[in-house]
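S.K.: For reference, the chains in residue letters:
Number of protein chains: 2
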Amino acid sequence: MTFEGPVQRLIDELSRLPGVGRKSAQRIAFHVLSVEEEDARRLAQSIIDVRDQVGTCVRCFNVTSTEECSICRDPRREVGVLCVVERAQDIAVVERSQEFRGRYHVLGGALSPIGGVGPSELHIAELAVRVGAEDIKELILATNPTVEGDVTAMYLAREMKPLGVKVTRLAMGLPVGGDLDYADELTLGRALQGRQEM
Amino acid sequence: MTFEGPVQRLIDELSRLPGVGRKSAQRIAFHVLSVEEEDARRLAQSIIDVRDQVGTCVRCFNVTSTEECSICRDPRREVGVLCVVERAQDIAVVERSQEFRGRYHVLGGALSPIGGVGPSELHIAELAVRVGAEDIKELILATNPTVEGDVTAMYLAREMKPLGVKVTRLAMGLPVGGDLDYADELTLGRALQGRQEM
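Keeping their order, the protein sequence lines are chains A and B. All letters in the first sequence, in the order written, are residues 572 to 769 by my numbering. All letters in the second sequence, in the order written, are residues 572 to 769 by my numbering.
One chain only, chain A, in its complex shape (with noise of 0.2 Å):
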């Protein structure tokens, strides 16, 4: 059974969102009916804000709603240092590490032969200019931990390297907190690899 137009409509719509199945729109779309009128349209306007008033900032590709983001104008951040990762959530997630005080660089994504995204894709260009123009000592590579991430680690330290800045990228090993029994045999590699003495 499908809902009368305007519940259909907001269903359908739901369901294109990441995460979102079937079930859950409809759940969604029924709380939106329930609430009250001005929740309803704080929601509404919220998204319509993100797009009017949210672009990328022209230094490191961050979200922000001023031309530089709010890290790049952090004059207590670290310069010399930046932490390259995929995407602009990605630096919520290196953030809330607390461990990393420089500024960052976002590529837009990983190289992905089979998903047709080659260097030019991504925001390599601009980071290889950064690197001589605010005169960059590391770059640490916080890309996935998949291969498309391994490439694009890879093709950046082969391309930055030259430009006589360290290149560095995030260990891969057991989780903290894990349990040794629950280890796939890839992390566990790494794990072996990237042994430290104690």
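Hints are supplied without guarantee of correctness; some may be wrong.
The list makes no distinction among identical chains, and a pair is therefore deemed to hold if it is satisfied within one copy or across any two copies.
Claimed, not checked - Heads up, simulated DMTMM-like pairs for lysine to aspartate or glutamate below, C-alpha to C-alpha not over 25 Å straight-line:
id, residue 1, residue 2
1, K594, D583
2, K594, D610
3, K708, D645
4, K594, D661
5, K594, E670
6, K708, E649
7, K594, D623
Please keep in mind that the hints were generated in silico from the structure rather than gathered at the bench.
Dock chain B against chain A, hints included.
M.R.: Same frame as chain A, now just chain B:
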């Protein structure tokens, strides 16, 4: 870390939706940022539309964008049998079974002494009026198989039977395709009570 103004506000709004956690909200927000402008606006508009155009059916309290809902207006639906559900979205579940060709009545919830929901908070008076006015022969109670749903069903049976209508309730028992091993004792108890001669 929080994101810049409009992004964080959208994440906050999305987090309020049922079944959407912090992480999903963030994922959806960045999805909204990355899709075509037009797609984002259509999502926002469909939220506005559902609030502007959708109300409740004057007869059965289903959601509708007209005075009576499409089911109440459908001349092919059997009159004389009403399926009584807690919420409008339950109608979709019953419809999917394709076993019911009558019409519906939405209570708007279930009785809950703890939650402060009494008979006057539900569309029970309107149901009594319909039973008389529409010459209803049978009420099929499809309230949830929960304590509140049970209480509501018992209350309705007591109130409606004196009006000369047959009152039935959906059978409780083993879910089709389920495994006896996984049936909880309450369900198995109900399945035993409701056993049918073969």
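S.K.: All hints, please: hold or fail.
M.R.: Taking the hints in turn, this is what the structure says about them:
1. Proximity of K594 and D583 under a CA criterion of 25 Å is satisfied in both settings, with 11 Å inside one chain copy and 22 Å between copies.
2. For the identical chains of this complex, K594 and D610 are neighbours both inside a copy (22 Å) and across copies (21 Å), given an alpha-carbon limit of 25 Å.
3. For the homomeric pair K708 and D645, the shortest alpha-carbon distance inside one copy (19 Å) is at most 25 Å, but the shortest distance between copies (72 Å) is not.
4. Proximity of K594 to D661 under the C-alpha cut-off of 25 Å is restricted to the inter-copy arrangement: shortest distance 12 Å between copies versus 28 Å within a copy.
5. Taking the closest pair of Cα atoms, K594 and E670 come within 25 Å of each other only across two copies (21 Å); inside a single copy the shortest separation is 39 Å, beyond that limit.
6. Proximity of K708 to E649 under the C-alpha cut-off of 25 Å is restricted to the intra-copy arrangement: shortest distance 11 Å within a copy versus 77 Å between copies.
7. Within a single copy, K594 and D623 get their C-alpha atoms only as close as 30 Å, which misses the 25 Å cut-off; across copies the closest is 23 Å, which meets it.
Comparing the model with each earlier hint shows no violations; every hint is respected.
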